[in-house]
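Order-wise, the sequence lines are chains A and B. Going by our numbering, 931 is the number at position 931 of the first sequence; the sequence numbering is gapless. Take any residue in the second sequence, note its place counting from 1, add 964, and you have its number in our numbering.
Be aware that one or more of the hints could be misleading.
Taking lysine-lysine and the DSSO-like style, the derived pairs with C-alpha atoms no more than 30 Å apart in a straight line are [what the hints assert, rightly or not]:
no., chain 1, residue 1, chain 2, residue 2
1, A, 565, A, 429
2, A, 441, A, 429
3, A, 565, A, 523
4, A, 541, A, 429
5, A, 565, B, 1074
6, B, 1074, A, 683
7, A, 624, A, 541
8, A, 565, A, 441
9, A, 565, A, 688
10, A, 523, A, 103
11, A, 624, B, 1074
12, B, 1012, A, 688
Derived from the structure by calculation, the hints contain no laboratory data. No experiment lies behind these values; they were computed from the predicted model shown.
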Amino acid sequence: MLLLTLIILPFLGAIAAAFMPTHARNREAWFAGAIALISMLLTLSQYTVIASDRLITYQLPWITAVDLNLSFRMDGLAWLFTMMIQGICLLVILYARYYMSPKDPVPRFFSFLLAFMGAMLGVVLSGNLIQLVIFWELTSLTSFLLIGYWHHRTDARRGARMALTVTGLGGLCLLVGIILLGRIVGSYELDDVLGARELIINHDWYVPILALIALGALTKSAQFPFHFWLPHAMAAPTPVSAYLHSATMVKAGIFLLMRLWPVLAGTPEWTWLIAAAGAITMLVGAFLAAFQHDLKGLLAYSTISHLGLITCLLGIGTPLAVVAAIFHTINHATFKASLFMAVGIIDHETGTRDLRVLSGIGRYLPYTAALAIVAGAAMAGVPLLNGFLSKEMFFAETLSVGSDQNMWLSIAAVLMGIFGVVYSLRLIKVFFGPFNPTIGKTPHEPARWMRFPVEFLVLCCLVVGILPELSVGLLLSSAAKSVLGEQLPDYNLAIWHGINAPLIMSVVALVGGVLTYIWMRRKGLFDRARAPLIPSWLNGKQLFESGLLNLTGSMAHLERTFGTKRVQRQLLVIVLAALGAFSVIGFSFEHIDATTTPHRLTLPFAMLWLVGCACAIAAAWQAKYHRLAALILVGGAGIVTSLTFLWLSAPDLALTQLMVETVTTLLLLLGLRWLPPRLHQGKPTVRKIARRSRDLLVAITGGVAITIISLVVMFSSGESRISSFFLANALSEGGGSNVVNVLLVDFRALDTFGEITVLGVVAITVYALLRRFRPAPESVGMPLQQANPIDPVTRQTVAEQVSHGYLLVPSVYISAILPITFLVAVYFFMRGHNLPGGGFIAGLIFSVGLITQYMLSGTAWIELKSRLQPHRWIAVGLIVAAITGMGAWLFGYPFLTSHTAHVTLPWLGEIHLPSALLFDLGVFTAVVGTTMLIITALAHQSLRSTRFIASGVATPPPPYQEDQ
Amino acid sequence: MEFILAIAIGILFASGIWLILRPRSFQVIIGLMLLSYATNLFIFITGKLAIDQPAFTGTSDAVEMAQFTDPLPQALVLTAIVIGFATTALYLVVLLGSRGLTGTDHVDGKEREVTHE
C-alpha cells in the first residue's frame, strides 16, 4: 500500500499543480515541495526494513491469465534509486522556485516535474516488467514535455522531439525484448524472471533479447551511438537538466541494466555489447566535453562520459564492478546535479553560458565558485571527494579485465580520466582570471535558498569522499545485495588502500589532465569551433534530422504514388481487399459437414427472393436516373429481407427491419429534392465502358464469392456453445423468455448501451451539420397540380392547408390514430422481455407515428404546436440507461446487472418488471429522440428552402453534363 | 432453401458493390443499404436456420437447444440494423451538405475531368 501511495502521490500532485494559478510561484513550489518531501519521508520510513534486506511488495491482480498485474516491489536497489529521485526532486523544486522567471507559467513546470517523478518512481519500483516498460515510456513522454517546456524556442522543440524519438524508439525495442523475455520465463513478474537465469541465457532468443533490452537501456542512458540527443536536451530549463540528466532519466537505462544484471550479465555477448558501448561512450563523451563552449553542453557530454563509465562497469560483469557502478551512480548524481545548478546560477546571474566569454566571475560569486570548484573536483576525481573513490574502483576493475597484455580498457580509462580533468578545469576556469567586461551585467550571489541545494549536494560529495563507509556503506551494500544476492564481494570503502595500481592510474590521470589542459590552452585548442579529430559529417544531430527528413519525404512519395483522393478508387481497393481477405478465410474453413441436410425448398420462399433479387438488381440499375424508383426498389428488397427474418424464426429482427425500413425511406425521400436532375445522355465513351465492365466484374465476383462462402457457412457443423448458454439462462438469469431481447438488455447490455450512445451522437451530429446547412437549389419544381393558379390550395400555406384546407381530413384522422400508435408502442415495449418487441421496436413504432403526423400536418404546423424536444429525449434515455446500470452497484453487483421483480397490479394482473425493463425504457427513449431529431432536422430544411424560393434566390440549375 | 438464401445474399452483395463503385452519391447510399441487407443476412445465417422455432424459451426451465433458433446472431443483427439506420442518416446529411457546398453530387465533390480520347 505504501508503494502504491508513493507512485500515486506525485501523479495526483501533478494534476493538482496543473490547476493552480499561473503566477503563483511560491504556492506551486511549496505544494510540489511538500509532495516530494512527503514521499521522501515515506521512503525514509522504510529504511529499517530495507536495511534488514527484506522486500516490500504490493500486488493488485488485474489480468492474471496473461500475467498482467499492478505490482510494486522495493528492495535495496529500488530504495536507493527512490531516495535519489525524491531527494534530488525536492532540491530541484527548491532551486526552481528561484530559477524560474516570474513570466514562466510555473503550474505547467511543476506539474510535469511531479509527473516525471511519478513515472521515474514507477520504473524503479515496478515488480512487473511490462508495467516497468509502461512507466519507462511515461518518463520519455514527461521528459519530452519538460525538455520542450519553453516551447516557443525552436531548439527546445527540436531537442524535445529528438529525445522523445530516440528514447521512445528504444522503449519500443525494450518492450519487444521484455515480451520475449516474459515468454521464455512464462511470467513478467520480476521475481520470477530474476530466478530464471539458466533458462534465459541458454535460450536461443538470448541474443535478440539482450540486443533489444540493450537498445532500450542504451538509448535512454545516451550511450554511443545514441548519445547525440542528450546535448540537445540541454535546451530545457536548467532545473530540468539538473534533475533529468544527473539523477533520473538517463539513470533509468543504468537502473534497467542493474535490475536485469543477475539474469543477463556474465556472458561474452553481454560484455561485448554493454562494456564496449560504455567504453566508447566514456571516451567520446570526455573528449567532446573538453571542446564545448556552452557550459551546459560541457556538462551534457561529461554526463554522457560518466554514464559510459557506469555502463562499462556493468558490462565488465564482475560483482565488484557492480558495486562500483552503483556507487558511481550515487556520486555522479550528487556532483552532477550540483554542477548543473551552479551553472544555472551562473547563467542566471551573467546571462550567458559561453565559456569563451565567461571569465573572472569568481570574485562576484565567491560562494557559488567555491561550491562549483568542489563539485568540479569531485567530477575530475580529486581525492577526498566522492568522485575519486568510485573512479578508483573503476580503474581497479579495468585492470582485472583481460590479461597483462590486454591493457586497452585501462588505457581508455586513464584517457577518460585525463579528459575528465581537462573539462573540469575548463569549467572551473570561468571563476578565475580577469573579469570580462563584455558580460552585460555584474553578477552577484543568488538568493540564499537558491544556493542551498548546491551546498547540500556539495556537502554530500565531501562527506562521502571523506567518510565513505560511515555515510553510504550500508546503503551501498544493501543495494548491491539486491543485485548480487549471495555473491556480494568483499570490498573496502576506504580512501587509502596503500600505493597500488589504481592509485597510480589516478595520479597519472590528474597530473596528465592538468598538463594536457595547459598544453591545449597554449595551443589554443579550446577556441576551435568544433572538436578536432571528429569528421564533420559524423554529427548525430545532422544524421538524425536528415534521416527523419528522408523518412517523411519517402513516405510522402509513397503517398503520392499509391494514394488517391478519389473515393471510387479507394472503395475499389477496399472491396478488393475485403474480398481477398474474406476468400482466404472462407475457403480455408474446414468444418464443412456434408451430412447437413438442406431445408426443403419451399416455393413461396423462392418466389419471395425472386422478387427480392429483382428489386436489388433493378435498384442497382436504376439508381442513377430514377432515384425514386430505386428507393422504392430498395425498400422492396428490405421488406423481403424482413420477411425472411420472420420466416426463419426471428420476429424481433423482422419488426425492427420493417420499422427501420420505413424511417430510412422517409429520410431519403426528404433528401431527394436537393439532388441535381440527371438526364440521359449520349453514348458512353470507351473508357467509361471499360470502367463499368471492370466494376461489373468485381461486383459479380464478389457476389459469387459471398454466395459460396454463405453456403460453406450454412453447411458447416458445430453448435455455438455460447448460444446454448444464453438459451439456458435467459429465464433464470435474465428473467425473460425472449432470448434475443434478454441478450440485448441484459447479457450484452453494455453493447446496447454503447449502441444507443452512438445513436445519440449520430443524431446530434446530423443536427449540427444541418444547422449550418444551406440546401442546394431544389431540382424539382412544384408539381403541375400544386402550381395550378385555379386551385385555391396553391394560395394557402401548409399550415392553412392543415387547419382548413384539403389536409384537414387526414390530419384529424391521424390525430385520432396517434394515441393508438402510441398504445401499440407501449404494448410492444411492455411485452418485449418475453415476446417480440422491446425498446428498439417500440421506439421505432412510436417514431413512425409521430412522423406520419409530420407528413400530414406539415413541418411548420408541428413546430408551432409541438413541444417535442428530441435532444432531451436522447439525454433522458441515456441517463436512464446509465442510472439503471449503475443501480446494480448499490447492491454490490457489476455495472448493468439486472434484477427481476413480478408485481401484481389491479386490472392488469401480474406484471413482469425486471430492472432491464428500465434499461429498455432508456433504449426506447433514446431511439425515439434519435429518430425524431434526425427527421425533424432534415424536414426543417424544407422551411428554409421555401424561404429561399420566396426570396427569389433559387433558380433551377441547368441539367448537369453527364460524364459517366 | 439454403441455396436460395446464398444466391440472394450474393445478388444483394453484387448489386451493392456495383453501386458503391459508382460516382454519384445517391447510388452509393443505395448501394450501402443493399450491402447492409446482405451483411445482416450473412451474419444471420451464421446461426441456425430454423423455421417456427423462435428463441422464446417460455416458462420451462429445461431448455433443449435443438428446439430453438440461435439467438446470438439475431441480437447482433438487431444491433446492426439500428446502427445501419444511424449511419445511413449520417451519410445522407453529408451527401446533402456536399451537394449544397460543391454544387455536384459526385462522390469526390467535383466532376471528373472530361478526357477526350
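Between residue 565/A and residue 1074/B, does the CA-CA distance stay at or below 30 Å? holds, 11 Å
Assess, step by step, whether the Cα of residue 441/A is no farther than 30 Å from the Cα of residue 429/A, and give holds or violated. Given pair residue 441/A, residue 429/A holds - Cα atoms ~19 Å apart, limit 30 Å.
Next pair to validate is residue 624/A with residue 1074/B; report whether the Cα-Cα distance is within 30 Å. At roughly 17 Å apart (the allowed maximum being 30 Å), residue 1074/B and residue 624/A satisfy the hint.
Does residue 429/A lie within 30 Å of residue 565/A when you go C-alpha to C-alpha? violated, 63 Å
Is the straight-line distance between the alpha-carbon of residue 1012/B and that of residue 688/A 30 Å or less? Outside the cut-off at roughly 43 Å; violated.
Tell me if the straight-line CA distance from residue 565/A to residue 688/A falls inside 30 Å. holds, 19 Å
Restraint check for residue 565/A with residue 523/A, where alpha carbons must lie at most 30 Å apart: Distance ~63 Å between residue 565/A and residue 523/A Cα, so the pair is violated.
Quickly compare the C-alpha distance for residue 565/A and residue 441/A to 30 Å and report which way the hint goes. violated, 59 Å
Compare the distance between the alpha carbons of residue 624/A and residue 541/A with 30 Å, and conclude whether the hinted pair is satisfied. Answer violated: residue 624/A to residue 541/A is near 58 Å, above 30 Å.
Does the alpha-carbon distance linking residue 541/A and residue 429/A stay inside the 30 Å limit? Distance ~29 Å between residue 541/A and residue 429/A Cα, so the pair holds.
30 Å Cα cutoff - pair residue 1074/B, residue 683/A: Cα-Cα ~22 Å, so holds.
With a cut-off of 30 Å on the C-alpha distance, tell me whether residue 523/A and residue 103/A pass. violated, 44 Å
Of the hints listed earlier, those the structure fails to meet are numbers 1, 3, 7, 8, 10 and 12, in rising order.
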